[in-house]
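In terms of our numbering, the sequence shown opens at residue 1 and continues consecutively.
It is possible that some hints are incorrect.
Each computed DMTMM-like pair below joins lysine to aspartate or glutamate, with the alpha-carbon atoms no more than 25 Å apart [as the list claims (entries may be wrong)]:
no.: 1; residue 1: K65; residue 2: E10
no.: 2; residue 1: K64; residue 2: E13
no.: 3; residue 1: K72; residue 2: E13
no.: 4; residue 1: K20; residue 2: E10
Note that these hints are calculated values from the structure, not bench results.
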Amino acid sequence: MFELKTGNKEYHESQLRKTKIFIIIQVTILILVNLYTIILKGKIDLGLSTIILFSIGLGLLGLKKVLTALQKFK
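Please model the complete structure; the sequences and the hints are all you need to start from.
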């Protein structure tokens, strides 16, 4: 994916912004879902939390790839 556009620094910087926004949104959703379930049920929904944490992990992996690609330009 990154090998196709290694010469385009602006592309990687836009990917970095998108990935950071994605992670912030996922963390916010995780917090809101847990607050919602704690208020309604009095316990944390581990299944949904696990799915959201997995997607945050994928986002962090994407962030690492983008940062690695940006390091090539320095």
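Exercise for review: Sort out whether E10 lies within 25 Å of K65, counting only the CA atoms.
Suggested key: Roughly 15 Å separates the two Cα atoms, so the pair holds.
Review point. Does K20 pair with E10 here, judged by a C-alpha cut-off of 25 Å?
Key: Holds - the C-alpha atoms of E10 and K20 are around 15 Å apart, at most 25 Å.
Point to revise | Holds or violated: K72 to E13, with C-alpha atoms at most 25 Å apart | key: 12 Å, holds
Review point. Holds or violated: are the alpha carbons of K64 and E13 at most 25 Å from each other?
Key: With Cα atoms ~12 Å apart, K64 and E13 stay inside 25 Å; holds.
When the structure is compared with the earlier hints, no violation turns up for any of them.
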